[in-house]
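Residue numbers (the numbering used here), protein chains in the order written: chain A, 157 to 347; chain B, 157 to 347.
Quick caveat, the hints were computed from the structure, so don't treat them as lab data.
The structure presented is a predicted model; accordingly, all values stated were derived computationally and were not measured.
A virtual CB, placed ideally from N, CA and C, is assigned to each residue, including glycine.
There could be a bad hint or two in this list.
Unchecked claim - Beyond 10 Å from chain B on every Cβ pair, some chain A residues (computed): (1) I248; (2) D262; (3) S272; (4) A284; (5) W328.
Unchecked claim - Taking CB as the label site, the calculated pair distances span: (6) A:M279 x B:H206: 45 to 53 Å; (7) B:G187 x A:A314: 43 to 51 Å; (8) A:R239 x B:D192: 49 to 57 Å; (9) B:A231 x A:G187: 24 to 32 Å; (10) A:E263 x B:R323: 24 to 32 Å; (11) B:T303 x A:P191: 48 to 56 Å; (12) B:Q234 x A:P191: 42 to 50 Å; (13) B:A176 x A:G187: 56 to 64 Å; (14) B:T303 x A:R271: 49 to 57 Å.
2 protein chains.
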Amino acid sequence: MNPSRPGRLEFTFVAGASGAWRIDGVTPVIGESLPDAARLSILEGLVSSHDATWALRGVTGTQRYTTRAEQTALAERQSPIGRAEATQAALIPIRKNDAWWALTQDERRAIFEDRSAHIARSMPYLPAIARRLHHGRDLGEPFDFLTWFEFAPTDAAAFEELLGQLRATEEWRYVDREVDVRVTREVPAER
Amino acid sequence: MNPSRPGRLEFTFVAGASGAWRIDGVTPVIGESLPDAARLSILEGLVSSHDATWALRGVTGTQRYTTRAEQTALAERQSPIGRAEATQAALIPIRKNDAWWALTQDERRAIFEDRSAHIARSMPYLPAIARRLHHGRDLGEPFDFLTWFEFAPTDAAAFEELLGQLRATEEWRYVDREVDVRVTREVPAER
Numbered sequence: 157m158n159p160s161r162p163g164r165l166e167f168t169f170v171a172g173a174s175g176a177w178r179i180d181g182v183t184p185v186i187g188e189s190l191p192d193a194a195r196l197s198i199l200e201g202l203v204s205s206h207d208a209t210w211a212l213r214g215v216t217g218t219q220r221y222t223t224r225a226e227q228t229a230l231a232e233r234q235s236p237i238g239r240a241e242a243t244q245a246a247l248i249p250i251r252k253n254d255a256w257w258a259l260t261q262d263e264r265r266a267i268f269e270d271r272s273a274h275i276a277r278s279m280p281y282l283p284a285i286a287r288r289l290h291h292g293r294d295l296g297e298p299f300d301f302l303t304w305f306e307f308a309p310t311d312a313a314a315f316e317e318l319l320g321q322l323r324a325t326e327e328w329r330y331v332d333r334e335v336d337v338r339v340t341r342e343v344p345a346e347r
Numbered sequence: 157m158n159p160s161r162p163g164r165l166e167f168t169f170v171a172g173a174s175g176a177w178r179i180d181g182v183t184p185v186i187g188e189s190l191p192d193a194a195r196l197s198i199l200e201g202l203v204s205s206h207d208a209t210w211a212l213r214g215v216t217g218t219q220r221y222t223t224r225a226e227q228t229a230l231a232e233r234q235s236p237i238g239r240a241e242a243t244q245a246a247l248i249p250i251r252k253n254d255a256w257w258a259l260t261q262d263e264r265r266a267i268f269e270d271r272s273a274h275i276a277r278s279m280p281y282l283p284a285i286a287r288r289l290h291h292g293r294d295l296g297e298p299f300d301f302l303t304w305f306e307f308a309p310t311d312a313a314a315f316e317e318l319l320g321q322l323r324a325t326e327e328w329r330y331v332d333r334e335v336d337v338r339v340t341r342e343v344p345a346e347r
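Here chain A stands alone, though its shape is the one from the complex (with noise of 0.2 Å):
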């Protein structure tokens, strides 16, 4: 059963032979890589697909850690998937480790934000860098998060800067396993 509800959209990033995205690298970050593969896709659902190399699940939903007036100034500067101009991308498959899905709502919101400023220190990066935000956990994916990053080229630096300081923080102390895809585009945006 699968009825549709407003935020809450399904993907599945398919790695393979095949797809409008030419992955540049595979790098493990913490704990196990994934295979190496050409291309990847972006499909919409929740896909088993038989001749992958890989297939990763997500749903997008409900922030957990965002307050309202975080979400307005978001709202404000964040950019769409799907700019013409951002043809490079990250797909960063992230776990968490069992010390932190122990915490409580208040311990995990004072990491987050209130110790790592994980939203403060994205704030500069819009509108240059769009992101898209997929959850798993409750799916029994093997990564907790799935997100994806869209930029142009000229951003790229700044990306790095921004994944820099997010590694450097206290949230990223209960990361037990992180990889980062670098893909590009090869056909036009779809949507």
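With the hints as your guide, set chain B onto chain A.
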């Protein structure tokens, strides 16, 4: 893929001709009901049951609103599922409306606890009423939450009182579908 993660347990509630729990009644509280059936089984895993009257799936996991202080107080008082004396139970599937899911975390927490006192109101009913919460929204299920309550027959009146209190809260104005499934156990506790 379904890697084992502490705290994440999958359950399927299957209504049909068999099962350890006899269904005493299926009552629509808000919106569309579920079909009547004779018995209910609780299976581990996200199961597809072809001969079921209905099957509802959910995963346990991270609490979304509870603070550490609240979690500590709850942990001191709560009972496990499967007590021998807890022969009465209720499965209460609910869905919250789009307005709820468009709220930010701080707004949802304010309604859930600061104004509706969901945790504080429930506390006096522990340890008599045991409870397990399952999330279905990320799974694409028709209900966002399945709550399973278990209690001894002598605590049935207290349970009705708790339900009446929760249904009168501001939080409940965001519920757009709720069904109340009452069951009685007819075999010894399995776990």
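Results for each hint:
1. With a closest Cβ-Cβ approach of about 18 Å to chain B, A:I248 is found to remain outside the 10 Å limit, as its non-interface label requires.
2. Taking the minimum C-beta to C-beta distance to chain B, about 4 Å, the non-interface status of A:D262 is violated against the 10 Å cut.
3. For A:S272, the condition that its CB be more than 10 Å from all CB atoms of chain B holds, with the nearest at approximately 16 Å.
4. A cut-off of 10 Å between C-beta atoms confirms that A:A284 is not in contact with chain B; the least separation is 24 Å.
5. Consistency note on A:W328: stated as away from chain B, and its beta-carbon is indeed over 10 Å from all of that chain's, at 18 Å minimum.
6. Checking the proposed 45 to 53 Å range against A:M279 and B:H206 shows it holds: the Cβ atoms sit about 50 Å from each other.
7. The hinted range of 43 to 51 Å is satisfied by B:G187 and A:A314, whose Cβ atoms lie roughly 47 Å apart.
8. For the pair A:R239 and B:D192, the beta carbons lie near 52 Å from each other, so the given range of 49 to 57 Å is met.
9. Distance hint check for B:A231 and A:G187: the Cβ-Cβ separation is about 31 Å, which falls inside the suggested range of 24 to 32 Å.
10. Taken as a hint, the range 24 to 32 Å holds for the pair A:E263 and B:R323, whose Cβ atoms sit roughly 30 Å apart.
11. As the Cβ distance of B:T303 to A:P191 is approximately 41 Å, the hint placing it in 48 to 56 Å is violated.
12. Between B:Q234 and A:P191 the beta carbon distance is about 44 Å. The supplied range of 42 to 50 Å therefore holds.
13. Roughly 41 Å separates the CB atoms of B:A176 and A:G187, a value that falls outside the hinted 56 to 64 Å.
14. The hinted range of 49 to 57 Å is not satisfied by B:T303 and A:R271, whose Cβ atoms lie roughly 33 Å apart.
Hint compliance for this structure: hints 2, 11, 13 and 14 are not met, and every other hint is.
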